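Student: Given chain P, work out where chains H and D should sit, using these hints.
Going down the list, the protein sequences come from chains P, H and D.
No gaps in the numbering here: position 149 of the first sequence is 149 in the numbering used here, and each next residue is one more.
One gets the numbering used here by counting positions in the second sequence from 1 and adding 1000 to each.
One gets the numbering used here by counting positions in the third sequence from 1 and adding 2000 to each.
Keep in mind the hints are simulated off the structure, nothing from the lab.
Warning: the hint list may mix true and false statements.
Lysine to any residue pairs mimicking SDA-like chemistry, simulated, CA-CA at most 25 angstroms apart [what the hints assert, rightly or not]:
{"#": "1", "chain 1": "P", "residue 1": "Lys75", "chain 2": "P", "residue 2": "Val93"}
{"#": "2", "chain 1": "H", "residue 1": "Lys1049", "chain 2": "D", "residue 2": "Trp2546"}
{"#": "3", "chain 1": "H", "residue 1": "Lys1045", "chain 2": "H", "residue 2": "Pro1035"}
{"#": "4", "chain 1": "H", "residue 1": "Lys1167", "chain 2": "D", "residue 2": "Ala2543"}
{"#": "5", "chain 1": "H", "residue 1": "Lys1049", "chain 2": "D", "residue 2": "Leu2423"}
{"#": "6", "chain 1": "H", "residue 1": "Lys1167", "chain 2": "H", "residue 2": "Ala1177"}
{"#": "7", "chain 1": "H", "residue 1": "Lys1167", "chain 2": "D", "residue 2": "Leu2544"}
{"#": "8", "chain 1": "P", "residue 1": "Lys75", "chain 2": "P", "residue 2": "Leu165"}
{"#": "9", "chain 1": "P", "residue 1": "Lys75", "chain 2": "P", "residue 2": "Ile64"}
{"#": "10", "chain 1": "H", "residue 1": "Lys1045", "chain 2": "D", "residue 2": "Ala2543"}
{"#": "11", "chain 1": "H", "residue 1": "Lys1167", "chain 2": "D", "residue 2": "Thr2542"}
{"#": "12", "chain 1": "H", "residue 1": "Lys1049", "chain 2": "D", "residue 2": "Thr2410"}
{"#": "13", "chain 1": "P", "residue 1": "Lys75", "chain 2": "P", "residue 2": "Phe198"}
{"#": "14", "chain 1": "P", "residue 1": "Lys75", "chain 2": "P", "residue 2": "Leu155"}
{"#": "15", "chain 1": "H", "residue 1": "Lys1045", "chain 2": "D", "residue 2": "Ala2535"}
{"#": "16", "chain 1": "H", "residue 1": "Lys1045", "chain 2": "D", "residue 2": "Leu2423"}
{"#": "17", "chain 1": "P", "residue 1": "Lys75", "chain 2": "P", "residue 2": "Thr203"}
{"#": "18", "chain 1": "H", "residue 1": "Lys1045", "chain 2": "D", "residue 2": "Leu2544"}
{"#": "19", "chain 1": "H", "residue 1": "Lys1045", "chain 2": "D", "residue 2": "Val2536"}
{"#": "20", "chain 1": "H", "residue 1": "Lys1045", "chain 2": "D", "residue 2": "Thr2410"}
Note that the coordinates shown come from a computational prediction; the quantities given were computed from them, not determined experimentally.
Read off the chains here:
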Amino acid sequence: MPPIADSILILLLLTNFFILGTANLRSAIRGVALQGLLLGVLPFFVESQATVRLVLLVIATAAIKGVVIPGLLMKALRDVHIRHEVEPYLGFVPTLFLCAAGTALALLFADHLPLAAADRTGLFVPASLATLFSGFLGLTTRRKAISQVTGYLVLENGIYVFGLLLYQSMIVEVGVLLDLLVGIFVMGIVLNHIQREFSSLDTERLSHLRE
Amino acid sequence: MTAVLQLLLVVLTAPLLLGVITRTKAIVAGRRGQPLLQAYYDLGKLLRKETVLSSTTTWVFLAGPAVAVVVPLLASLLLPLAGPRAPLAFTGDLILFVYLFALSRFFTTAAALDTGSAFEGMGVAREITFAALAEPALFFGLLALARISGSLSLSQLLTVDGTSWHKASAALVLIIASWFIVLLAENSRVPFDDPNTHLELTMIHEVMVLDHSGPAFGLILYGSALKLFVFSALIADVALPRTGNPLIDAAATLGAVLVIGVVIGLVESSMARLRLVRVPQLLIAASLVAGFAVVLVLR
Amino acid sequence: MSAILVIVGVALCMASGLPSLVTRRASVVTTVLIVAGGVTGLIGAVLGLTWGTAGLSLPWHIPGGALAIRVDALSAFFLAPVFLLAGAGGLYADRYWPAARMRAGYVRAFFGLMAGALALVMCAANTILFLAAWEVVAVSSFFLIATEHEQAESRSAAWIYITASHVATLALFAIVVLLHGVTHTWAFVPLAAGTGAIPVGQALLCLAFIAFGIKAGLMPFHIWLPGAHAAAPSHVSAVMSGVGIKMGVYGLVRLLSLFDAVPSAFGTTLLLAGIASSILGVAFAIAQHDLKRLLAYHSIENIGIIVTGLGIGVVAQTHGQPLLAVLGYAGALLHVWNHGLFKALLFLSAGAAIHSAHTREIDRMGGLARRMPWTAAAFLIGAVAITGLPPLNGFVSEWLLYVAGFTSITGSPHGGPALILVLVVPALALTGALALACFVKAFGTVFLGAPRSEAASDASEVPATMRAATVPLILGCAAIGLLPALFGPLLSRAVHAAAPRLPMPATFTALLQPIQDSALVIAGIAIAAVLTLLAVTRRAATALTWDCGYAEPTSRMQYTASSTARGVVGLFGWAMRPVIHAPRPFTLFPSAAAFESHVPDTVLDRALLPALRGARWVLGFARYFQHGRMQLYLLYLGVTLVALLAWSAR
Chain P
1 MPPIADSILI
11 LLLLTNFFIL
21 GTANLRSAIR
31 GVALQGLLLG
41 VLPFFVESQA
51 TVRLVLLVIA
61 TAAIKGVVIP
71 GLLMKALRDV
81 HIRHEVEPYL
91 GFVPTLFLCA
101 AGTALALLFA
111 DHLPLAAADR
121 TGLFVPASLA
131 TLFSGFLGLT
141 TRRKAISQVT
151 GYLVLENGIY
161 VFGLLLYQSM
171 IVEVGVLLDL
181 LVGIFVMGIV
191 LNHIQREFSS
201 LDTERLSHLR
211 E
Chain H
1001 MTAVLQLLLV
1011 VLTAPLLLGV
1021 ITRTKAIVAG
1031 RRGQPLLQAY
1041 YDLGKLLRKE
1051 TVLSSTTTWV
1061 FLAGPAVAVV
1071 VPLLASLLLP
1081 LAGPRAPLAF
1091 TGDLILFVYL
1101 FALSRFFTTA
1111 AALDTGSAFE
1121 GMGVAREITF
1131 AALAEPALFF
1141 GLLALARISG
1151 SLSLSQLLTV
1161 DGTSWHKASA
1171 ALVLIIASWF
1181 IVLLAENSRV
1191 PFDDPNTHLE
1201 LTMIHEVMVL
1211 DHSGPAFGLI
1221 LYGSALKLFV
1231 FSALIADVAL
1241 PRTGNPLIDA
1251 AATLGAVLVI
1261 GVVIGLVESS
1271 MARLRLVRVP
1281 QLLIAASLVA
1291 GFAVVLVLR
Chain D
2001 MSAILVIVGV
2011 ALCMASGLPS
2021 LVTRRASVVT
2031 TVLIVAGGVT
2041 GLIGAVLGLT
2051 WGTAGLSLPW
2061 HIPGGALAIR
2071 VDALSAFFLA
2081 PVFLLAGAGG
2091 LYADRYWPAA
2101 RMRAGYVRAF
2111 FGLMAGALAL
2121 VMCAANTILF
2131 LAAWEVVAVS
2141 SFFLIATEHE
2151 QAESRSAAWI
2161 YITASHVATL
2171 ALFAIVVLLH
2181 GVTHTWAFVP
2191 LAAGTGAIPV
2201 GQALLCLAFI
2211 AFGIKAGLMP
2221 FHIWLPGAHA
2231 AAPSHVSAVM
2241 SGVGIKMGVY
2251 GLVRLLSLFD
2261 AVPSAFGTTL
2271 LLAGIASSIL
2281 GVAFAIAQHD
2291 LKRLLAYHSI
2301 ENIGIIVTGL
2311 GIGVVAQTHG
2321 QPLLAVLGYA
2331 GALLHVWNHG
2341 LFKALLFLSA
2351 GAAIHSAHTR
2361 EIDRMGGLAR
2371 RMPWTAAAFL
2381 IGAVAITGLP
2391 PLNGFVSEWL
2401 LYVAGFTSIT
2411 GSPHGGPALI
2421 LVLVVPALAL
2431 TGALALACFV
2441 KAFGTVFLGA
2451 PRSEAASDAS
2461 EVPATMRAAT
2471 VPLILGCAAI
2481 GLLPALFGPL
2491 LSRAVHAAAP
2501 RLPMPATFTA
2511 LLQPIQDSAL
2521 VIAGIAIAAV
2531 LTLLAVTRRA
2541 ATALTWDCGY
2551 AEPTSRMQYT
2561 ASSTARGVVG
2571 LFGWAMRPVI
2581 HAPRPFTLFP
2591 SAAAFESHVP
2601 DTVLDRALLP
2611 ALRGARWVLG
2621 FARYFQHGRM
2631 QLYLLYLGVT
2641 LVALLAWSAR
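Just chain P, with the same shape it has in the complex (with noise of 0.2 angstroms):
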C-alpha cells in the first residue's frame, strides 16, 4: 500500500470525529462530503496503472459521493426548513469519547481477524472498521432525521473501503454507489413527508406510529 493510500484513510478517521463533533447540520453535510471525495480519489493511489476505466471511475464516484449526495442532502435540509442544530441523546464529548475508543479498538483488532496475507498490512481494514462504528454512532445517537441520514452515508463510506481490498474488480462499489444515490433521493422525499406530517424532524415523533 502506498503511503499516500494511509494519508487519505488518516484523513478519513479525522473526518469521522469531524462529523461526529460539529453541532451543525450544514458543517456535517460538509464533511460527508469531504468523505465522499477522499474515498472517491482513494483508488487512484491503491491501483498501479491508471487505466482509463479507473479514471472514469474515479471522477464519478468522487462527483457522486463528494457533491451530488451532498448537495441533495444540503437541498434537503433547505426545503424542510428546521434549525440546524444537531440534537443528540449522548452529548458530544462522550460521543467523541465513543468515537475514538471504536477507532482504537478498531487498530488493535484488525490484526485477529481472519484475512489473507496480503491485506493485512496498511490501514484499510481498521479504517473501515472505524469508520463503520462511527456511522452506526452516528445512527443511533442523533435525534433528526438528516443526521441519521448523515450517519448512514458515514457507514456506507466505511464499507466502501472495506470493499476496495477487492480492488481489482470495483462492481461492487459501483453497485453500492447506484443504490446509495437511489436511496439518497427517496430519503430527501422521506423526510419532506415526515416534515409535514409532524412538523418536525424529531425521531422522537415517529414513535407515536407504533400500535
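Tutor: Just chains H and D now, kept in the frame of chain P:
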C-alpha cells in the same frame, strides 16, 4: 299358538292389574274400595263418550294415544310370557324392547306439547328429564342378565333356571330392586307421581293427558295399563322359572304380575310422593344399583 | 365405469355455480347442473359399491401430485351421501336462495365448488390431491359461512372456522409428509407391518386424531362447529353437517385401514372421545335456543357415536375379536349414512321453517305444523330418525353398536381387556334419552302449540322444489330403517375395505334380517292405528285448550323451550355452566320482571378464549420493546452483531 295365548293374556288382563293395585290400597286404608273390574267399566264408558279436540292441535295429538297402545302390545310380543320362547325373538331384541318405549314416550310428549298449554309443557319437561335417568338403569340390568345367560335375546335372558339363581342371586336381587324403581317411575306410581290426584303443578304423566277426552283418553288409560303389565311381566320373568307348558306358564306369569301389583299397592300406601328434586337422586340410585349388579357379575 | 361417473359428477358440481356468477337468469341452469352432477355421482358411487373397485388417473403438473382417484368400496360408501346431499341441497337452494336475493351467484358457485371438492376428497388416491381438495372444501366453506358477513355473528363464526380448519390442515400436511417418509410414495398404500408401534406410526396416529378430529368436530375440537353451521345458509349447513364433517371420519378410517395393527391405546382414546362427544354434545344441544345451533350440536353428538363405533372396531381388532370389530365398524359406517340423511333432512326442513317464520329463535316460533304440514312431517321424520327410534334408520346403526357392547360382555372371557366396550351401552342409552328430550323440545316448541310471534302466525308452506328436495332423504331414512337387510351386503363390503385384515364373520348380514321384519311390523301397525283413530274421531267437537280459567291467555304463556330443557341443563350444570339473568322484583305490587338464560360453549367461551386473553396479556409485556425509536432498534442490531461475532470468534 302360544303367541295367541300370550296376546290374549296381555290384552284381556292388563286392566285387572290396575284394579288389584287400587283394591290393595283401599284395603290398607281401611276402605272397601272400587270393584276389581272398575278399569274395564271406565274404559267402556270412555269409549262411548264424545271426543273434544283443542283447536290448537294437529294429527300428532291423536298419534300419541295410538302409539301408546300399539307399543306395549308389540313389546309384550318380545317377552317370553307363555313359554320359554317369545313370539318375536332374535339376537338383540332387548334393545328393541327398550327403544319401543322410547318411541311411545316421544309421541306421548309430542301430543302433550301439541295442545299449547303450559301444564302439559311442565309434564313434558319433567318426563323427558326423568326418562333420561331411568334408561341407563334398564340397560345396566340387561347387561348383567346378558352376562349371566350369555345370550342377547330376551327369551334366553329371562328364562331363569336354578343354576342361574344359584350363581348370581345377589345380582338378580339387585336387578329386580332397580327395575322395580324404574317401573314405578315409568308408570307414574308413587313415589314419583300420584295417579289419583290431578294437581297439574306436581305431576308428570297425569298432566300430559289433561286435554284428551273420550275414546282417545280411553286408549291412553288402556295403554298405561298395558305398559304397567309389560313392565311387571318383565320383572316377573326375571324371577320365575319356566316349565314349558304354555298354560301353566301363562297362569304363573299372571299370578306373579298380580303379586307385583299388590306390592305396588303396598308401596303406594306406605309412602308419600317425593319432592321433585329428590326424583333424579332416586333414579340415579337405581342406575347405580343396577350398575353394581353388573360389576358383581363381572367379577 | 364408476370412476368416470364420479369424475363427471365432480366436474358437473364444481361447474354448476359458474353460470350463476355470470348472469342472474342462469339459476335454472345451475340447479339442473348440480342435480345432474349429484345423480351422476350417486350412480357412480352405487356402481362402485356393487361392482368393485375402479380407478382413474390424469397427469397433473404439481410435483408429486397426480389427479388419481380410486373408487373402492369405502370411497363409494362415503361418496354416495355426498352426491345425494349435493343434489338435494342444490334443488333446495333454487327457491331458498333465489337469484333475486343478494349474493345468489356467490352462494351457488361456492356450494358447487364445495360439493365437488368434497367428493374429490372421498375418492382421492394421491395424498397431494387429497390435501388440495381438502383445502378447497375448507376455503369454500369459509366463504359460504361468511355469506351474510354484515352480521358480526357470521364474521366471527367464519374466522373461528378458518382458524380451526387451518390447524387441521397443518396437521394434515404433517401426516402427508410423514406418510411419504414411510412409504416413499404420494399415494395411500398399506403401511409396513409393525408401523403402529414405532414412533413414526404413533406420531401419524396422534396427528390424525388432531387433524381429523378437528374436521369432524369431535370434542374438545368442536369449537368451530356450532357457530359455523348456524351462520351458513340452510342447504349449506345440511351439506356441511351431513357430509362435510364426514371428511374427517373418512380420513381417519382411510388412515386406520393402512395400518396392520393399531395400538389399543388409540382405540381406547377414540372410544372415550366418542363417548364424551356424544353425551356432552347432546347435553349442550338441549340448552340451545337457536334452532340451527341445536342441530349443529347434534352433529357433534352423532360424530361422537360414529367415533365410538370406530373405537369399538379398533379395540376389538386389537384383541382379536372379529365379530365385535365388524359390528363396531358397521355401526359407525352405517351411522355415517344415517346421519347424513337425517341431519340433512332436519336442516332442510328447519331452514324452511326459519325461512317462513323469519327467525332462528325457537321461542319465537310455534304452531308451524298447522301452517306448514309438509315441513312439519319432514322434521318429525328426521327427529324420530335422529333419536334412534324404531322403525327408522337411526335405530339400525345404534342397534349395531349396542349389540357390539352387549357382545363384549357375553363373549369375552372373565375380566377380558375388551370389557371397556361395556361403557358403550350406558353411554348410548344416556345419549339416546337426551336426544329424545332435545327433539321433543325442538319439534314441540317449533311446530306444535300456538304461534309465539306475529311472524310465526303468518308463516306459510314453502315452495314445491324446497319440499321436493327432502323427498329423497325421507325415502333414504325409511329404506334403511325398514329394509336394513338390503343394505347389509353393501355395508359388509365397506367394512371390509375399511379393515382389510379383518376376517368377516358370516353371521353378520343375517343379524339384520329380524330387524327388518320387526321394523315393517312396527311401522305397519303404528300407521294403521293412527289412521284408525283419526278416522274414528273425525266428527269430534272442538274447543280451546283448557286454560285453568285464565282471563287473558296468550300464546307466550306456553312452556318455552328453555323451560322444557331446564331439567337436563340443571343435571349437566357442572359441564355447561349456564348464564342466567333473573333480576327479581322486590316490590309489594306486581312490577316488570325479566328472565334470560343462555349457555355459552364451555370449551370456547370459558376455556379457550380466556386462555388466549391471558396469553395476550402476558405477551403484552414484550410490547415494551416496541417503542418506535429507530435508534434503539439499530443499537439492538449492532449489539447482536457484535455478540455473535464475539461468540463465533471464541
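Student: The structure should be examined with respect to each hint, and the outcome stated for every one.
Tutor: We went through each hint and held it up to the structure:
In summary, the hint linking lysine 75 (chain P) to valine 93 (chain P) is not supported, as the alpha carbons are separated by about 29 angstroms, beyond the 25 angstroms threshold. At roughly 18 angstroms between alpha-carbon atoms, lysine 1049 (chain H) and tryptophan 2546 (chain D) fall within 25 angstroms of each other, so this suggested pair holds. A hinted pair counts as satisfied when its Cα atoms are at most 25 angstroms apart, and lysine 1045 (chain H) with proline 1035 (chain H) qualifies at roughly 15 angstroms. The suggested pairing of lysine 1167 (chain H) with alanine 2543 (chain D) is violated, with an alpha-carbon distance near 60 angstroms, which exceeds 25 angstroms.
For a cut-off of 25 angstroms, the pair hint linking lysine 1049 (chain H) to leucine 2423 (chain D) is broken: about 50 angstroms separates their Cα positions. Taking the CA atoms of lysine 1167 (chain H) and alanine 1177 (chain H), the gap is about 18 angstroms. The hint holds against a cut of 25 angstroms. For the hint pairing lysine 1167 (chain H) with leucine 2544 (chain D), the CA-to-CA distance comes to about 59 angstroms; that exceeds 25 angstroms, so the pair is violated. A C-alpha spacing of about 33 angstroms is found between lysine 75 (chain P) and leucine 165 (chain P), which places the hinted pair above 25 angstroms, so the restraint is violated.
For the hint pairing lysine 75 (chain P) with isoleucine 64 (chain P), the CA-to-CA distance comes to about 15 angstroms; that is within 25 angstroms, so the pair holds. Taking the CA atoms of lysine 1045 (chain H) and alanine 2543 (chain D), the gap is about 21 angstroms. The hint holds against a cut of 25 angstroms. Of the supplied pair hints, the one linking lysine 1167 (chain H) and threonine 2542 (chain D) is violated, its CA atoms being roughly 60 angstroms apart against a limit of 25 angstroms. As the CA atoms of lysine 1049 (chain H) and threonine 2410 (chain D) are separated by approximately 52 angstroms, the hinted pair breaks the 25 angstroms bound.
Simply put, lysine 75 (chain P) and phenylalanine 198 (chain P) have alpha-carbon atoms about 19 angstroms apart, close enough for the 25 angstroms limit, and the pair holds. At roughly 21 angstroms between alpha-carbon atoms, lysine 75 (chain P) and leucine 155 (chain P) fall within 25 angstroms of each other, so this suggested pair holds. In summary, the hint linking lysine 1045 (chain H) to alanine 2535 (chain D) is supported, as the alpha carbons are separated by about 20 angstroms, within the 25 angstroms threshold. As the CA atoms of lysine 1045 (chain H) and leucine 2423 (chain D) are separated by approximately 49 angstroms, the hinted pair breaks the 25 angstroms bound.
Among the hinted pairs, lysine 75 (chain P) with threonine 203 (chain P) is consistent with the structure: their alpha-carbon atoms are about 20 angstroms apart, no more than 25 angstroms. Between lysine 1045 (chain H) and leucine 2544 (chain D), the direct Cα distance comes to roughly 24 angstroms. Compliance with the 25 angstroms bound is thereby established for this hinted pair. A C-alpha spacing of about 16 angstroms is found between lysine 1045 (chain H) and valine 2536 (chain D), which places the hinted pair at or below 25 angstroms, so the restraint holds. With a C-alpha separation of about 49 angstroms, the suggested pairing of lysine 1045 (chain H) with threonine 2410 (chain D) is violated against the 25 angstroms cut-off.
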